[in-house]
Each structure stands twice: as structure tokens, then as C-alpha cells.
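A.B. asks: Sequence:
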Amino acid sequence: MLAFAAVAGIAMAPLPQAQADALSDIGTRGTIRIAVPQDFPPFGSVGADMTPQGYDIDIANLIGEKLGAKVEIVPVTSANRIPYLQTNKVDLVISSLGKNPDREKVIDFSEAYAPFYNGVFAPADVAVAKAEDLAGKTVGVTRGAIEDLELTKV
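Residue numbering for the sequence shown follows this note's numbering, starting at 2 and increasing by one per position.
Hints were generated in silico from the structure; no laboratory data involved. Incorrect hints may have been included.
Think about it this way: if two alpha-carbon atoms lie no more than 27 Å apart in a straight line, the pair counts; the simulated DSS-like pairs of lysine-lysine are [said to hold, decoys possible]:
#, residue 1, residue 2
1, 138, 67
2, 67, 90
3, 71, 90
4, 131, 100
5, 138, 106
6, 138, 100
7, 138, 154
8, 154, 100
So the derived label-pair ranges between C-beta atoms look like this [said to hold, decoys possible]:
#, residue 1, residue 2, range
9, 135, 90, 29 to 35 Å
10, 126, 52, 42 to 48 Å
11, 25, 144, 31 to 37 Å
12, 46, 88, 21 to 27 Å
This one's a predicted model, so the numbers in the text were calculated from it and none came from an experiment. Glycine residues also receive a C-beta, built at the ideal position from the N, C-alpha and C atoms.
Taking the hints into account, I'd like the entire structure generated from these sequences.
C.D. replies: This is the structure:
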């Protein structure tokens with residue numbers, strides 16, 4: 002199964018039979034449906050000509066080329082990218098998709114293709130040394146992103 006892990010990656014449904022069926026479906030359709038968030042430049046965004054652009058789009062097109070399939074880019078958000086995969090609206094996801102045990106129960110991950118830094122930025126007088134130091138504070142994150150999921154636990 003394809004699925005780029007830890008932070009930028011590709012995800013597919015986890016079962017071996019599902020993988021075989023998905024590849025067969027892609028071959029039958031001649032099209033691979035790839036979910037890519039389009040609000041995360043330089044990985045995924047919409048250009049001035051209103052077409053998807055970015056590194057994740059390039060990776061999607063490379064996968065389509067290698068499979069001999071036309072690529073259909075499906076715009077998604079951080080919150081709906083996994084549900085789109087689980088409900089067969091897309092064949093795979095290319096995204097900054099943090100790997101955690103809950104997500105590993107429902108999708109597969111591959112090796113990450115891009116490193117990301119997760120950090121907290123605040124005024125110098127706000128002391129933050131560990132996640133628990135954020136308890137009771139207002140923190141801005143992308144809904145459905147790994148930072149949202151992990152900080153919700155604090």
C-alpha cells in the first residue's frame with residue numbers, strides 16, 4: 002500500500018485485498034483519483050490560472066504517469082482527507098499527514114518524502130517547554146491536522 006508517513010505523504014486503505022481492488026479499479030477506469038489539500042503552498046495550492054499546483058501535484062502526476070493512468074486531483078481539507086479515502090471518494094491522499102496510532106488503524110502510511118518542523122511560536126514571555134505547558138492556552142492549528150489531534154489531548 003502506498004502511504005507517505007509522518008508528515009508529508011500518501012495514504013491508502015489498509016487491507017491487501019483493498020489495495021489489489023483499488024489498483025484494478027484504477028486500471029479499469031484509466032484514472033487515479035488523488036486527494037491533495039490546496040491550501041498548503043508550496044506543496045498544494047491553486048495557481049493564478051485556477052489550476053492545482055505544487056510539489057504534491059507533481060508527485061500525483063508522477064504516480065499517474067508510472068501507473069499509466071490519467072490523474073484526477075481532488076481538493077480536500079485536513080479534516081476530510083481521511084474520510085474521502087475511507088469512503089472511496091479517492092484512491093490515495095498526498096498530504097502533510099502526520100502519522101499516529103489512531104490513523105494507522107484506518108490507513109496505511111509509506112515513508113515520508115518531505116521533512117516538516119512542528120513547533121510552537123509565542124511571545125518571548127510565554128514559557129513553553131512541553132505540550133502540557135499549552136494547557137489552558139489558546140492555540141491556533143489547522144482543524145483535523147495532527148497538531149489539532151495531539152493538542153486536543155492536552
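A.B. asks: Taking the hints in turn, state whether each one holds.
C.D. replies: Hint by hint, here is what the structure shows:
Taking the CA atoms of residue 138 and residue 67, the gap is near 47 Å; set against the 27 Å cutoff, the hint is violated. The hinted pair formed by residue 67 and residue 90 meets the criterion: a straight-line CA distance of about 21 Å does not exceed 27 Å. For the hint pairing residue 71 with residue 90, the CA-to-CA distance comes to about 16 Å; that is within 27 Å, so the pair holds. Note on residue 131 and residue 100: the hinted pairing holds, with a Cα-Cα distance of about 19 Å set against a maximum of 27 Å.
Taking the CA atoms of residue 138 and residue 106, the gap is near 30 Å; set against the 27 Å cutoff, the hint is violated. Note on residue 138 and residue 100: the hinted pairing holds, with a Cα-Cα distance of about 25 Å set against a maximum of 27 Å. For the proposed pair residue 138 and residue 154, the alpha carbon gap of about 13 Å is at most 27 Å, so the pair holds. Only pairs whose Cα atoms come within 27 Å are accepted, and residue 154 paired with residue 100 is accepted, the gap being roughly 16 Å.
For residue 135 and residue 90, the hinted distance range of 29 to 35 Å is satisfied, since their beta carbons lie about 34 Å from each other. Roughly 45 Å separates the CB atoms of residue 126 and residue 52, a value that falls within the hinted 42 to 48 Å. Between residue 25 and residue 144 the C-beta distance comes to about 34 Å, which sits within the given range of 31 to 37 Å. Checked against the given bound of 21 to 27 Å, the beta carbons of residue 46 and residue 88, roughly 25 Å apart, stay inside it.
Hints 1, 5 from the earlier list are contradicted by this structure; the remaining hints agree with it.
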